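Asker: Residues per chain are reported as follows:
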Amino acid sequence: MSLFSFLGTLEIGFIFGLVAVGVYLTFRVLDFPDLTVDGSFTMGAALCAALIIAGFNPYLATICAALGGAVAGVVTAWLNLRFNILHLLASILTMTALYTINLRIMGKPNLALISEQTVLTPFEALGIPNMYMTLIFVAVVVIAIGLLIAWFLNTQYGLAMRATGANPRMAQANGIVIKEKIFAGLALSNGLVALAGALFAQTNGFADSTMGIGTIVVGLAAVIVGESLFNSRSMLVIVFSCILGSLLYRLAVSAALNADFLGFTTSDLNLITAVLVGLALILPQFRREWKARKAAQGGAA
Amino acid sequence: MIRCEHLKVTFNAGQATEKRALRGVNLTIPQGEFVTVIGSNGAGKSTLLNTIAGDIRSSAGRLYFDDRDVTALSAPARTRDVARVFQDPLAGTCGNMTIEENMALAYGRGNRGGLTLALNEHLRKLFREQLSRLNLGLEDRLDAKMGLLSGGQRQSVSLLMSALQPSKILLLDEHTAALDPKTAALVMDITDQIVAEKKLTVLMVTHSMRQALDHGTRTIMMHEGQVAFDLAGEERSRYGVKDLLNLFAQIRPDGEELDNDKLLLGS
Chain U
1 MSLFSFLGTL
11 EIGFIFGLVA
21 VGVYLTFRVL
31 DFPDLTVDGS
41 FTMGAALCAA
51 LIIAGFNPYL
61 ATICAALGGA
71 VAGVVTAWLN
81 LRFNILHLLA
91 SILTMTALYT
101 INLRIMGKPN
111 LALISEQTVL
121 TPFEALGIPN
131 MYMTLIFVAV
141 VVIAIGLLIA
151 WFLNTQYGLA
161 MRATGANPRM
171 AQANGIVIKE
181 KIFAGLALSN
191 GLVALAGALF
201 AQTNGFADST
211 MGIGTIVVGL
221 AAVIVGESLF
231 NSRSMLVIVF
241 SCILGSLLYR
251 LAVSAALNAD
261 FLGFTTSDLN
271 LITAVLVGLA
281 LILPQFRREW
291 KARKAAQGGA
301 A
Chain G
1 MIRCEHLKVT
11 FNAGQATEKR
21 ALRGVNLTIP
31 QGEFVTVIGS
41 NGAGKSTLLN
51 TIAGDIRSSA
61 GRLYFDDRDV
71 TALSAPARTR
81 DVARVFQDPL
91 AGTCGNMTIE
101 ENMALAYGRG
111 NRGGLTLALN
121 EHLRKLFREQ
131 LSRLNLGLED
141 RLDAKMGLLS
151 GGQRQSVSLL
161 MSALQPSKIL
171 LLDEHTAALD
181 PKTAALVMDI
191 TDQIVAEKKL
201 TVLMVTHSMR
211 QALDHGTRTI
221 MMHEGQVAFD
231 LAGEERSRYG
241 VKDLLNLFAQ
251 IRPDGEELDN
261 DKLLLGS
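Protein chains in written order, with my numbering: chain U, 1 to 301; chain G, 1 to 267.
Isolated chain G, as found in the complex (with noise of 0.2 Å):
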């Protein structure tokens, strides 16, 4: 479960670039629950990811996991409960290690800093088995370099890199934005399996209105650093694409115009 109380951060304080980019979020997310965030750039979704994972820390406000506060954690110390999967699939894998070298790290991911080998042939297996799930031949190929995969090779690993270690908590920050739409309905596919299957809490941000609503079970939108609403349920499965574009101009009584529509309506 996550917990955000009046969660605030502010870029550049007290500078001319100053930027509030979270204002006060309030959420709290239970056990289990596929969050999808939705909003128009710069509202501060991947703040409040970030902000999530550690990554950014908070000016004002507390931040909970299980009723733990963990405002106060650096990023590698939470993420004996967050996984991550980046947008930019170059950022989740290192480029130069091999594909079973890349599953050790993330194998490793809560326990870390022994001096024991990290890969052995029980490790290969495990790691074998996890890429057949992905169809596209990377078991036979456990000690090619990650820098010869393809972008959305590249993301399929990393989402099962994420799910490697029981974590309570999944964050992916568009993570199919940057891929094909072929390979990025691969790419969800796999990600609705894992969640499924490790009963993970997760938070996905995206650019699409339609992966918003078919994906998950709750979908928030982000304006101006706040949760501008909030949808859930009975409620939910009868909204459209058309329904969440009526909110959102609701939202923006200025009648200012979506600046990325065709991000919004796309696949």
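Excised from the complex, chain U in its bound form (with noise of 0.2 Å):
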């Protein structure tokens, strides 16, 4: 693997790190399967690029793409807590409707933003290559959004949605509205997902109608890898682990497609993404096969 290319992966490692935070949000913390991160995914990028073309300053259109995924985030909430749509369900109708949209926002199916200013252009003055300052760059700023989310788990607010995820009965007991938090949840894992989407857009040169499919397989395949590295009780770890799950499943996949002898190309990467996926969920469980096997032969001696 060539120096650039690493470098790349691990730049693109760290924006999917958004992802993962996103889905862990949802699937672990609040207990919400949530697919519409597919379509979120694309609207950020198609919106941050639309905004950016139209003329609108880079970060302006940056947290309109954030905004943008958290109002599809609602929707999905509003579908599964007011009409009583399963949770699944609700996320791929929005899912299904933001492609629609995100090609409405672009109106034509790709957008090159090559020659556009973006989130970076302020620090191309610094004089660092390119390709190091991307990397620290989106480092820097998932890292800081790292850090916001395990602060707000740990707040008040944070624990409250937790417990609605994990015991909605004992939550209610204890004066927690759980609709709100479900709301709030996917409105926040949404708006991660769309930033996501827009620092991929602005860091890859284009949006593209397709570029979200298969977003919630990568982010839920780094929330397992990191699970299965971590077992810890702190926020902290636990989103860390989230990122870094990220890091290591890019590079994993990376390093497939790199692997001249398997002779994978491009096209392979879903096959290898299940693969992988698979091989995250079988592990621990022949780990804790294999424990009890071993234990039961130690207390049989």
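The hints are simulated quantities; they were obtained by calculation from the structure and are not laboratory data. Quantities reported herein were computed from a predicted structural model and do not represent experimental measurements. Not one of these hints is a red herring.
Covered by chain U, per the in silico footprint, the following chain G stretches (three or more residues, Cβ under 8 Å):
no.: 1; region: 74-86
no.: 2; region: 95-104
no.: 3; region: 116-127
For each label pair, taking beta carbons as the anchor points, the in silico distance ranges come out as:
no.: 4; chain 1: G; residue 1: 95; chain 2: U; residue 2: 237; range: 12 to 20 Å
no.: 5; chain 1: U; residue 1: 104; chain 2: G; residue 2: 1; range: 55 to 63 Å
no.: 6; chain 1: G; residue 1: 1; chain 2: U; residue 2: 295; range: 52 to 60 Å
no.: 7; chain 1: G; residue 1: 8; chain 2: U; residue 2: 231; range: 44 to 52 Å
C-beta atoms are modelled at their ideal positions from N, C-alpha and C, and glycine is treated no differently.
Combine the two chains into a complex, taking the hints into account.
Answerer: So this is what it looks like as structure tokens:
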């Protein structure tokens, strides 16, 4: 793997770290499997690109993109809470609708940002080579947001959100309005994912209507990889293990694609993803079974 | 003070499975009274508690706390006045959160939502003090996951949690039923302590006649969604388990056998 592609892999790994944190918030904290992210990732990229091309300040465009994603999350939560549509189905509905909305936002299937201003433009004057500068920028943003989310999950509000997912009855008995927490959680999660989309569009120079396909699997893969590495009660460790999981996942995919003897091409990406996620799910189970067998043998001896 | 006026609850109204769980309950419980609630399965005991807590909306009638009409208030809104402990030890706490986080949640009951850190040294000290009352050694395990605790330990912590915030009403729904006799006795001890200390108004559902008479200041029996009898003061102190069973038989003149004698007589 060349240095250039290695740095690029890390950069995408950090960006998808935001997706992983968002997916962690819905799947693990709220126990609300939310597939909206496939749409909200693209929405973030589309909104950001369209606004930048329309002449908006790239920072403002990025914030608008995150807010757009948050709105998508609220729609999913509303479909689920107001009309009792199963959470998975509600999120698939929103995701499907977003595909069209994203095409409308962009006006065509893809937008190029090559010659446009981006959030990175102000830092170009620093004279650091572009490939390092982009990575540093993305890493700083993602780590800062990771710290913020870890802090948030330890506040009274965050604790209430965790209780909502873990034990709704107990949460209510302690005065927590669970619907409000689900709305807030989905907005936050999809806002983070849309922010990732906006950063991806700006660092890679394009937005495409199909770029979000499989976002949920990648996010989930990162969460699972992170969980299998660390077993902690600390929110800080958990949030950063999501981000680390994303980095490791990207490196694993990149290694698989670069290993010439395997003969993989980029079109094999989805199979590689599925196999890696499958392994991440299967291995912890094997480890448990192995431990149990060992314990049984030890007891018999 | 709790006042129920003609409180009615009907499940699946208008359908073949319609169930009139509460059929016009009238009940006034003065401030500081500890009421034990008995009755056979399906008599409406838990429904009464859940209706007071706000989990179940009454289909008719009114409910007052201290002359304030709370009939329309949601369950979370009522938690300013009401604390609860459930029968299932797993229901009252979050297993994948730590002891201190669970207690911090309960500490936030009634004034929720801030973006300040939920835990600090001051609170940890308070939690440690409270936990040391249980003599279970939990005060040194603040950051252990709740899921690692036994049912009795979790129920004891639930009880402490219900008393962390000042509330007026404590609802106990067979909170010792899932515990072994020794742990149940310990949990009842703590219950009596907390109730006396905080001068709470209490409704405690129990399947044990013994428990119903030994604890609290008043006993009511529910039958078919109504209060069948109401014992207090001098009269109650003369009652034994046998007398209660006789009363029970009178209420069911059709000679219907108690379907759960064992539960009623148990410990």
